[in-house]
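Protein sequences, first through last, are from chains A and B.
Residue numbers -13 to 173, in the working numbering, belong to the letters of the first sequence in order.
Residue numbers 2 to 305, in the working numbering, belong to the letters of the second sequence in order.
A hint or two may mislead.
Covered stretches of chain B (in silico footprint by chain A; criterion: 3 or more residues with CB under 8 angstroms from a CB of chain A, positions within the stretch not fixed) [claimed, not checked]: (1) 50 to 57; (2) 172 to 185.
Taking lysine to aspartate or glutamate and the EDC-like style, the derived pairs with C-alpha atoms no more than 16 angstroms apart in a straight line are [to be verified]: (3) A:K18 x B:D196; (4) A:K18 x B:E176; (5) A:K118 x A:E153; (6) A:K18 x B:D172; (7) A:K(-5) x B:E303; (8) A:K24 x B:D93; (9) A:K18 x B:E52.
Derived by calculation from the structure, the hints in this document are not laboratory data.
What you are looking at is a predicted structure, and each value in this text was computed from that prediction instead of being measured.
Beta carbons: idealized from backbone N, C-alpha and C, even for Gly.
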Amino acid sequence: MYSSSDLKKGLKIILDGEPHVVEAFDFIKPGKGQALYKCKLRNMITGTRLDRTYRSGESFEPAPLEERDMQYLYQDEVGYVFMDTKTYEQITLLEQTLGDDRYFLTDNMDVKVLVFNELGIGVTLPNFVNLKVTQSDPWVKGDTAAGNNKPATVETGYTLQVPSFVEEGTLIQIDTRTGEYVTRVKE
Amino acid sequence: MPARPNAILAARRDNLHKRARIIQQIRAFFTQCAYLEVETPHRIPCNAPEEYILPQESGTAYLHTSPELCMKRLLAAGYTHIFQLCRCWRKDERGRKHLPEFTMLEWYCSPGNYLDLMCTCEELFCALVPEETLVWQGTTFQVKSPFERITLSQAFTRYAPISLQEAMQDDIFEEVYTDHVEPQLGTDRPTFVYDYPTDMAALARCRPDAPHLAERVELYLGGLELANGFSELVDPIEQRQRFYAALKCMQPEFPERMMPEPFLSELRHMPPSAGIALGVDRLVMLLTDAATIDAVVAFTPEEL
């Protein structure tokens, strides 16, 4: 168990049965009064954020989280299916859990899946992924309204800003942490 | 050997220069006012029992949480104007405004009461800020006498959704105080908050006209708590009762229920006096426009 004095940014605890991460933390102690531990917490399953203030001597259950090496297999009607590369056990992550990360999954991609009580609650992707542009309007000469960028959609359905010279069918590299265009890739 | 000099330590150079000058100015101020600078032991057998201040163990003894007890014994022995600049230790206190080892300025005068302390605070701040204005974290403060004075009860009435009495009854004093009251204290000039419930001032004298209130004062600027002082309690019987009440509430991790007996036995010789403790690191934060206490010390505990 953790106690109030263990609270710090990044600590993962169980609150109301669900894992929460401390996103911001401040220790406050007025004069001769008692210490307060002010936390901004994020529910790691739902993403909901909440503020909580704790006093000294409170205890917190550590969140039993495990990071597993897994491979992305396919999408089915429930969600996105991953396989543990050691045990071959399969886990399905829901669309809302993955958020925009779902757009960066390619077949057989090696990822790390964050698991809480056999429930996949997050995924760490490779920093860069290569995806093919499936739709992007050709650049109109003289159209400088949007600078030198234009919107493009890639094979997974994700839309992002790309430089005007990127054409349909081009393979591009995307930074999965920011979701932004990095460069063109030679096939 | 690291490839480069430690950039974090190097970046504090300006603040450390200012810090050294501030400490010299504090010494000069009190010396000029005919205060005697004293040094009392940092490692003592027993601190004053206070409910929410945890002492750091040091072998079979403790590091002092404040030099208060030893300095009051000097008052009881006939010293009338004394000050000390020293390191103090308080276990588990670490935040943007807290270090478990920090620098305290304490001064005591006899005869004196908390009103005298307020005057000396004003004089000290005016000596430290001769330009009369101070900019801290984007806000400009007027630093000239007289500072604002407000009772704790008035501060709750003015700034909090519930009264001081209600906050104490519901056991949410700290929550309401830190959320609503503290951020409003000293928003444009230094502010004294005074007259605290006796339960919140284990070493302060009660007001003769209002025995439920103690003559305790706190100094604030920009929501930052800078100093805490009292008209000192000099009645040894009442002091023992107050310590006993604090010990009874104390957290179980406090290992031994000890009383500072030499202090209690000499207290009856102490004349009416006043004393105050000022956090030097926080004062330096204000005077160097620093957002955190980390920026004004050479090393934080995490850097050791």
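Tested hints:
Chain A is given as covering the region 50 to 57 of chain B, and this holds because 4 residues of the stretch bring a CB closer than 8 angstroms to a CB of that chain, at least three being needed. Counting residues of the region 172 to 185 of chain B whose beta carbon lies closer than 8 angstroms to any beta carbon of chain A gives 6, which meets the minimum of three for the stated coverage. A hinted pair counts as satisfied when its Cα atoms are at most 16 angstroms apart, and K18 of chain A with D196 of chain B qualifies at roughly 14 angstroms. Under the criterion of a C-alpha separation no larger than 16 angstroms, the hint pairing K18 of chain A with E176 of chain B is consistent with the structure, at around 14 angstroms.
Proximity of K118 of chain A to E153 of chain A is assessed by CA-CA distance (about 10 angstroms); at most 16 angstroms being required, the pair is judged to hold. Only pairs whose Cα atoms come within 16 angstroms are accepted, and K18 of chain A paired with D172 of chain B is accepted, the gap being roughly 15 angstroms. Proposed proximity of K(-5) of chain A and E303 of chain B is supported: the alpha carbons are some 15 angstroms apart, at most 16 angstroms. Between the alpha carbons of K24 of chain A and D93 of chain B the distance comes to roughly 15 angstroms, so the proposed pair stays at or under 16 angstroms and holds.
For the hint pairing K18 of chain A with E52 of chain B, the CA-to-CA distance comes to about 8 angstroms; that is within 16 angstroms, so the pair holds.
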